[in-house]
Structures are given as C-alpha cells and as structure tokens.
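Order-wise, the sequence lines are chains A and B. So the first sequence is numbered by my numbering: it starts at 83 and just counts up by one. So the second sequence is numbered by my numbering: it starts at 12 and just counts up by one.
The set of hints was computed from the structure by calculation and includes no laboratory data. Predicted model only: the values in this text are computed from it and were never measured. Be aware that a few hints might be false.
Coverage of chain B stretches by chain A, computed from C-beta distances (three or more under 8 Å per stretch; other residues unrestricted) [unchecked claim]:
| # | segment |
| --- | --- |
| 1 | 241–249 |
| 2 | 390–398 |
From the structure, some residues in chain B lie toward chain A, with a derived Cβ separation under 7 Å [said to hold, decoys possible]:
| # | residue |
| --- | --- |
| 3 | I41 |
| 4 | E58 |
| 5 | V79 |
| 6 | Y105 |
| 7 | Q118 |
| 8 | E230 |
| 9 | K234 |
| 10 | N238 |
| 11 | K289 |
| 12 | A291 |
Every residue, glycine too, gets a C-beta built ideally from N, C-alpha and C.
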Amino acid sequence: MELIYEKSVPGRHGVALPANDVPPAPPLPARLQRSGAAGLPELSELDVVRHFTTLSRRNVGVDGTFYPLGSCTMKYNPKSAEEAAKLFTPFHPMPALLLGGEPLVQGSLALLQHMDELLQEITGMDAVTCQPLAGAHGEMTGIMVIAAYHRAKGNKKKYVIVPDSSHGTNPASAAMAGYEIVTIPTAPYGDMDLDAFKAALSDEVAAVMMTCPNTLGLFNPHIKEICDLAHGVDALVYYDGANLNAILGHVRPGDVGFDVVHVNLHKTFGTPHGSGGPGSGPIGVKAALAPFLPVPRVVKLDDGTFGVADDTARSIGRSANFFGNFGVIVRAYAYILMLGREGLIEASELAVLNANYVMSRLKDVYELPYDQTCMHECVFSASRQMAHGVHAIDIAKFLIDRGYHPPTVYFPMIVKEAIMIEPTETESKETLDAFIAVMREAADTAVTDPAALLRAPVTTPVSRLDETKAARSQNVCFTG
Amino acid sequence: MDFTPHTPGQVREMLDTIGVKSVADLFAQIPPHLRAKSFDLPAGISEFEMLDRLKGLAKQNADVVPFVGGGFYDHLIPSAVDHLAGRSEFYTAYTPYQPECSQGSLQALFEYQTAICRLTGLDVSNASLYDGGTALAEGALMAIRITGRQRLVIDGAVNPFHRAIVKTYLENLPVEVVEVPPEDASTAGGALFGEIDDRCAAVLVSNPTFFGCAADYTELAAKIHENGGLLVSSVYPVSLGLLKSPGEMGVDIAVGDGQSLGNPLSFGGPAFGFIAAKKALIRNMPGRIVGETVDRENRRGFVLTLQAREQHIKRHKATSNICSNQSLCALRGLIHMSLLGKQGIVTLAQRNRDKAAYALGALTAIRGVTHINREPYFNEFTVRLPGRADDAVAALLRRGIAAGVPLGNWYPGGDKDIVVTVTEKRSKVEIDRLAKELESVLWS
Numbered sequence: 083m084e085l086i087y088e089k090s091v092p093g094r095h096g097v098a099l100p101a102n103d104v105p106p107a108p109p110l111p112a113r114l115q116r117s118g119a120a121g122l123p124e125l126s127e128l129d130v131v132r133h134f135t136t137l138s139r140r141n142v143g144v145d146g147t148f149y150p151l152g153s154c155t156m157k158y159n160p161k162s163a164e165e166a167a168k169l170f171t172p173f174h175p176m177p178a179l180l181l182g183g184e185p186l187v188q189g190s191l192a193l194l195q196h197m198d199e200l201l202q203e204i205t206g207m208d209a210v211t212c213q214p215l216a217g218a219h220g221e222m223t224g225i226m227v228i229a230a231y232h233r234a235k236g237n238k239k240k241y242v243i244v245p246d247s248s249h250g251t252n253p254a255s256a257a258m259a260g261y262e263i264v265t266i267p268t269a270p271y272g273d274m275d276l277d278a279f280k281a282a283l284s285d286e287v288a289a290v291m292m293t294c295p296n297t298l299g300l301f302n303p304h305i306k307e308i309c310d311l312a313h314g315v316d317a318l319v320y321y322d323g324a325n326l327n328a329i330l331g332h333v334r335p336g337d338v339g340f341d342v343v344h345v346n347l348h349k350t351f352g353t354p355h356g357s358g359g360p361g362s363g364p365i366g367v368k369a370a371l372a373p374f375l376p377v378p379r380v381v382k383l384d385d386g387t388f389g390v391a392d393d394t395a396r397s398i399g400r401s402a403n404f405f406g407n408f409g410v411i412v413r414a415y416a417y418i419l420m421l422g423r424e425g426l427i428e429a430s431e432l433a434v435l436n437a438n439y440v441m442s443r444l445k446d447v448y449e450l451p452y453d454q455t456c457m458h459e460c461v462f463s464a465s466r467q468m469a470h471g472v473h474a475i476d477i478a479k480f481l482i483d484r485g486y487h488p489p490t491v492y493f494p495m496i497v498k499e500a501i502m503i504e505p506t507e508t509e510s511k512e513t514l515d516a517f518i519a520v521m522r523e524a525a526d527t528a529v530t531d532p533a534a535l536l537r538a539p540v541t542t543p544v545s546r547l548d549e550t551k552a553a554r555s556q557n558v559c560f561t562g
Numbered sequence: 012m013d014f015t016p017h018t019p020g021q022v023r024e025m026l027d028t029i030g031v032k033s034v035a036d037l038f039a040q041i042p043p044h045l046r047a048k049s050f051d052l053p054a055g056i057s058e059f060e061m062l063d064r065l066k067g068l069a070k071q072n073a074d075v076v077p078f079v080g081g082g083f084y085d086h087l088i089p090s091a092v093d094h095l096a097g098r099s100e101f102y103t104a105y106t107p108y109q110p111e112c113s114q115g116s117l118q119a120l121f122e123y124q125t126a127i128c129r130l131t132g133l134d135v136s137n138a139s140l141y142d143g144g145t146a147l148a149e150g151a152l153m154a155i156r157i158t159g160r161q162r163l164v165i166d167g168a169v170n171p172f173h174r175a176i177v178k179t180y181l182e183n184l185p186v187e188v189v190e191v192p193p194e195d196a197s198t199a200g201g202a203l204f205g206e207i208d209d210r211c212a213a214v215l216v217s218n219p220t221f222f223g224c225a226a227d228y229t230e231l232a233a234k235i236h237e238n239g240g241l242l243v244s245s246v247y248p249v250s251l252g253l254l255k256s257p258g259e260m261g262v263d264i265a266v267g268d269g270q271s272l273g274n275p276l277s278f279g280g281p282a283f284g285f286i287a288a289k290k291a292l293i294r295n296m297p298g299r300i301v302g303e304t305v306d307r308e309n310r311r312g313f314v315l316t317l318q319a320r321e322q323h324i325k326r327h328k329a330t331s332n333i334c335s336n337q338s339l340c341a342l343r344g345l346i347h348m349s350l351l352g353k354q355g356i357v358t359l360a361q362r363n364r365d366k367a368a369y370a371l372g373a374l375t376a377i378r379g380v381t382h383i384n385r386e387p388y389f390n391e392f393t394v395r396l397p398g399r400a401d402d403a404v405a406a407l408l409r410r411g412i413a414a415g416v417p418l419g420n421w422y423p424g425g426d427k428d429i430v431v432t433v434t435e436k437r438s439k440v441e442i443d444r445l446a447k448e449l450e451s452v453l454w455s
C-alpha cells in the first residue's frame, strides 16, 4: 500500500491550533532558522485516520488471535488497565522534583511506593526501583548496581558469567557495564553445565546471570547451589525475570539467593507490548545493594506521606529521566491488584498447565530435544520436518495463513530449528486444541506436500520478504 | 478477578492428557527447599474496585499549571492520536518479527523513521529508543564505537538529567567525560572549542539548551570534524518547526525525547527517544531499524533490518543491549506529525515562541525580574529573580502553578534563576496569572 508520504497533497492539514491569544514574537535571527519546512505529509484528519486504520488491519495482536510467541508472554492485556493508565496522563513529573512539589503528586508517589512493596513481596527482594524502562534496561541498571557494589568494596572484578541459553540482552547488558563475558554451555539435561560453571568461577567474576526457568522452559533445580558457589567468591547472582510468570507464588528469587532481579512488567503482569514497546523493567535488590539504586527514589516519610529522594552519594545516578514508564507501571499495578495473591498463583499454574498440554499433544509429531516437564513454554525442533525440506520458518508461515501469530522460531539458538511455544494462561483449551490441530496438520503436510509449506503464506499482503536485499540496500527512509 | 478461561472439568482433561494427577505435580520439579517463603499479597478485586481505588489515588495529585519542562512538555494532543494508537492491532502486538502479519507496524515505523530524518535533516533513523536521556547516552556510545576514541566533551547547558544518564551509562567504561560549564544561561560557547583535540570522540550539545536558548553549531561541527570526531546534538523535536536542523549544521548524530510529539505527560512516561545519523554511520546505530524491501512477487514490503548489529544475534558484541523500544509511543509521534503536516509543525513551533515571548514580557515587567539568556529562546527562557528561586517556585506551587525549574541544584550561582517553559497549550489567561502570582509572591 502507499506510504503516507505518497498520499500527501500540498496545502492540506489535519489539525488546527486554537486562535492565537498573544501577539506574534519577533522573528528569530536567520542564522538560527531552518531553511525550509520539514517534509511532513500533508493530509486531512480523515486521510490520516484511514491510513492508520488500514495499516492496523495489516497487523495482528493478542486481541485478534492466538499469539504463542515464546519468551514474549503474549497474554491478554486487560482493558481496565488501559483505563487505569489514562487517569494519570495529565500529570507532569517535574513538580515531584521541586522544593515544595511533593504534596502535589502524592497519588503518583503512593502508587509507586505500593508497587515497590508489591514487587518486593513477589520477588523476595528488599528494595525495588521502577525506573528502568524495559527488561534489558533493568538488566543494564542491575549490572551497574553490581559494579558499584564491587567498586565500593574494592573488589577487582572482570567477568560476568551467562549460560549459552540466555537472552542476548544478558551478555549485551553486562558488556555495556564494562565486563567481559564468559559463556557456559548447556548440559544434556537442559540446564547450565554445572561442572563448566564451577571451572569458570573465580575471584574475578562479578556476577552470574541466570534465567529460571530458562529459555528452554526448564526449571533449574541447582539454582541455589549456583548462588552459593557464586557468593563464595563474592560474585553476585542476577535473576533475569523474563520468565518470572512461570513461578509466581511458587519460587521467589530472593529466597533462593539471587541478589538482583528484574521484572518485565509487560510480560509477567499483562501490560501490552505495543508492537515492540513500551515495556517496563523494575529491578529488585537485596539490602546491601539498595544504596546503589538509581535516583530519584520514592520514600515513605515519617508522617505517612511520600517523598522523593534524589541523593546521589552512593547511587549509580540516573538510568532514565524520571520515575520510569509510569503509564506501564500503572497498568501492571492495576493487574496485580485485580488478580491478587490467588490470581497470580493461578496465572502461573495455568500457564504451566497450558504449556505442558501443548507439549504433550505435539511431541509425537515434533522433535522435543529436552523431553521433561516444562514450565510456561516448550521448545520443539523442526528437525524431523527438515528431512522433507521443511524448516521452522515454513511452519511459522503456514500458521500465519491459518490465522495465528507463529511461535518464536530459531530461538533459543542452542536448539536447531527451534519452535518455542508459550501459550500463556489466558488461552482456553478450545483455542489450544484448534492450534494443536493446525500444528499437526503442518507436520502432516511437511510429509505429504512440503511444497505447500514452502509457498506459505498466501493470504497475506506480502509473502517471504527479501531480508538480504533490505540489509544490502539500507533503505530506511523514504526519499521520494 | 482473573482472566483465565479454564473450567475445572477442562483442567482435569488437560491433566489427564499430560498424564499427571494435579497441577501441583507439574511443579514437582521444584525442590522443596527452593519454595517461596512468603507470598503475602492482597486478595484480588474486580476491575470496578480497582478503578475506584486508582481514581482515588489520581485525586491525590493536584492539578498544576505547568510552566516547567525538563525534557517533558505539556503540548496539545489531537484526539485522533489516542484513537488510532489505541487500535489493539497495534498495541497488543509484539515486535514485528514475522513481517507478513506485521506490515502495519513495520510500515508505520518506516514512516516514523522517515519523519525523524526529515525533521532532523539527517539520512537514517532507528525505530525508537527509550527516552531523550538514554538516547543521548546511546549517541555518545555510538560516537565512541565509530571513532575508537575514549574522550567525550559535554556542554554543561545540556539537560542535567540527560548528562546524569550519560555519566551513569559511561561510569564503568574507560571513557573520560569532560563537562564544560555554560556561560550566560546559554551554551558553553567558545570554551567547547578549546576542549576539542584529536583524542575527542564527540562533543555533546543540545538545541535548545536547558536554559531555552537556540543555538547554531555549524562552526562547532566544522571544528570537531577537523579533529576527526563527531558532533552529537540533542534536539527538541517541536522546535525543529523553526530552528535550523541538525543536518543543516553538520551534526553527525541527532537524538532527543519524542514525548512532545503526541505523548501525554503521564508522570514521566512512557514516551520515546529518537536517534538519527548520517548514512555512513548506520551500522553503528543501536536498536531496531526497519528497512524497505520486496517480497517474492516483487511487492514492496518492510522488515526489521541490519539485525546483525543487535543483541539477539551479536550478544555481547551488539551495538546496544536494547531489545524492547517504545514503538507505540513512536507511532503516536508519527500520527501527531502526520496530523500537523508540513506547515502545521511550523505554526506549532511559532506559536510556542509567541507564547514564550509574551510570558517573557509579562515576567520581566515585574520589578527585579530580569531575562539572563544571552542567546534567543524558543519556548523556554531563563529569568533571574530578586531572591531564592526555589522558595518562589515553592510558593507558587502552593497556588497551583509550576512556575519554572530553579537552577540552583545544577548550576553554581543559579540560586535565583528559573527556566520557564511556555508551550502552545498555555493560554494568555494562564500566563497573566503566572505573572500576577509571581509578583505577589515576590513583593507582597
């Protein structure tokens, strides 16, 4: 379809400002002015509305279809949480940081303080900040807190250990904090190879980053031992909360011995993913690390009101402008209030039930490299289908034709032709059964008519885009 | 309240299929010594009770007329922005990993990148970053990667929060950061030139500055280029309706906070950060980038491209750790820019300056209040009060007006100074009231 710039008609406009109630300002000196107006598209409001409505129809979301994108936790996003967030849209954050401003923002501060407390209880940590703006941002902030801790103690640390099944953000975040990365392979039993880990551990290790359950959807029964071994060399242990949704109420990272945790509010607590963001990545830490958390921090004052602490003496400083992605935090807060203790436990349990159900009903037709009870997601391989020339991507494209968003494919990288399915707890048995039937049909078709899978998708506006051409031509801006 | 559809009978059927007796059996892999010691949370409530409670909290915030910025601005947002970005095909989708069922967001992000390029006068843009401060830090890291140099010079007139974020990001890297104090509530001016040498990766500036001054960095760009470094400029996108664009000045990397484009204040977020650069620098950009291509029937389409820069492929060698960005907020920005159009953003920028000019006149008519910026302003300016600025601001806050940001916390000798922000949303009545109340606080 046409780009919005191709629909532009000189002289059109879509929005009018109120009448000007003040005199015009004197013109700026010419040296400060741009030479010509920026080429934004010229359209009526209806043109704009039609354009983006048409674009929206070329997208699928959780509201429209089952979206079992593994590791991304595409659960239902409650509408009431959207309404909750709208209640706070008019408030500027700056008064909170001004002398005398705190009394004017007590509602926002109270909400943040309560959210901190709820996340402390959920994760078993002693202090929480909601400032990081996404999971990876939380990781980086958390590793910087760890670096500040080691610096304050005079520790000479050089390495961060990550398993090879980790999200790419783990090593990338640690590298941004100046650490070298040591990658530990996955053992045949599906968890980080414990012997290799022990061999890699030394006084120079600053932190170990673990995802539990890991990206294979498997719970590591040795995590406490890993924490204890790390603490033996004064290395801290980081819990990547991407999969926290699997263990709510069953396991708390803080109880196990983790020192820092980040929580992906947009995964575990049902806030929408917005075609790639905004997310929100609060971090929780043990008491010894609390002084290093970024500022500003919300504090409860002796008189029961809430204040803002901006003391940078030991803090790592600022990881973002203000108090985080507040609108996302409000949605997650609303979600936690609605579900409550029992609802959160049930969410984890039914997410695990759904994943194991899908795994049980597909493992006779798809290779299951790690055949054991999974947590919230299961990872198959399309290796059997490869014998017929069909790859994971072809199965994904077939699913699109059948109206589904495909599972995650080719991640984790340690599984060849990975198909990673995360159904989430909000999907019904009927939905799962229908999806399972289509997955089985895909497996059958791979044998009977593999060409049909290679042709897919045939129902979409475009099919099998040329990614090599995109990377080579680097056309990232319309120049027409 | 829960959002799970399972009936007890279905749970039983599913357990039977799996071959276990109970849901607890699925958690049997977790050894007893790892079990949660506590999970003491309130009982769940309905959406109606939840909304009542949150309305109660929202009421504990006061309505304040904001003449403050600090990187976040109270602009008018056309109704269509909410309605279009509120389509759940956009907001309940994930990152567009499967292009065939994500052409909507991919094309929108390509159009967004184009709008950012046109606004900044640069060649390439990514699909958004977190916010203006982290975008500046990413711009600094990008310049360090490109030049292989370890020294950064920052104009002290850059937003103090953004400078703090840059310092936090660089704290653990072997990079020397030199801050050059600003002069006359404007920019660090000529002193920046003195810090530029062949070890300098980049100079970081902003336009307008934290004090509200518009600047032309053309000569600075030439100087840093002579020395083999890059110029990184943080810009306020609405100002680019009027002000010389980064591209016209020779800026290499432009960054900024996109909040002023279609995103509400929302107590500080979510909004989005943007980054744009000269074409030759694209492989060092952080974050996701959408590129145009064709499908197998030669139809135009869009995909995530140059992914070999990113963490999910390159892991610790990636250009950044960023994964989730702020796509939906960037979409809001694009919709807002599309509604404004080519002339609309010029009018909007002009209106901001008109309002600021009027407010400056009204405030400096007060005895003892003087304008101290050396350079022209856009929609913010700095005035010196006859007494402590934070006391005056606190007094006005009690009257429901956030009169400005006092500078004493960040700038030595700035105890009497405030930066006042006046967007198109502030009416003459509100501005007159600001002046009247300030006068009363100062002199009665």
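E58(B) as chain A interface residue, shortest Cβ-Cβ below 7 Å: holds, 4 Å
Check of the segment 241–249 of chain B against chain A for coverage (Cβ-Cβ below 8 Å, three residues minimum): violated (count 0)
Is the interface hint for K289(B) satisfied, with its Cβ closer than 7 Å to some Cβ of chain A? For K289(B), the interface hint is violated, since the closest Cβ of chain A sits about 12 Å away, which is over 7 Å.
Restraint: V79(B) near chain A, CB-CB cut 7 Å. Satisfied or not? holds, 4 Å
Restraint outcome when N238(B) is required to lie within 7 Å of chain A by C-beta distance: Nearest chain A Cβ about 23 Å off; hint violated.
Closest C-beta approach of A291(B) to chain A relative to 7 Å, hint status: It is violated, given that the least Cβ distance between A291(B) and chain A is near 10 Å, above 7 Å.
Any CB of chain A closer than 7 Å to the CB of I41(B)? This interface hint holds because 6 Å falls under the 7 Å limit.
Annotated coverage of the segment 390–398 of chain B by chain A, confirmed only when three residues or more have a Cβ within 8 Å: violated (count 0)
Status of the hint placing K234(B) at chain A (closest C-beta pair under 7 Å): Given a least distance of 17 Å, the restraint on K234(B) is violated.
Return the status of the interface hint for Y105(B): holds when the least beta-carbon distance to chain A is below 7 Å, violated otherwise. holds, 5 Å
Against chain A, with CB atoms and a cut of 7 Å, does the hint on Q118(B) hold up? holds, 6 Å
Grab the minimum C-beta distance from E230(B) to chain A and call the hint holds if it beats 7 Å, violated otherwise. E230(B) check fails; min Cβ-Cβ to chain A is 11 Å, beyond 7 Å.
When held up to the earlier numbered hints, the structure conflicts with 1, 2, 8, 9, 10, 11, 12 and fits the remainder.
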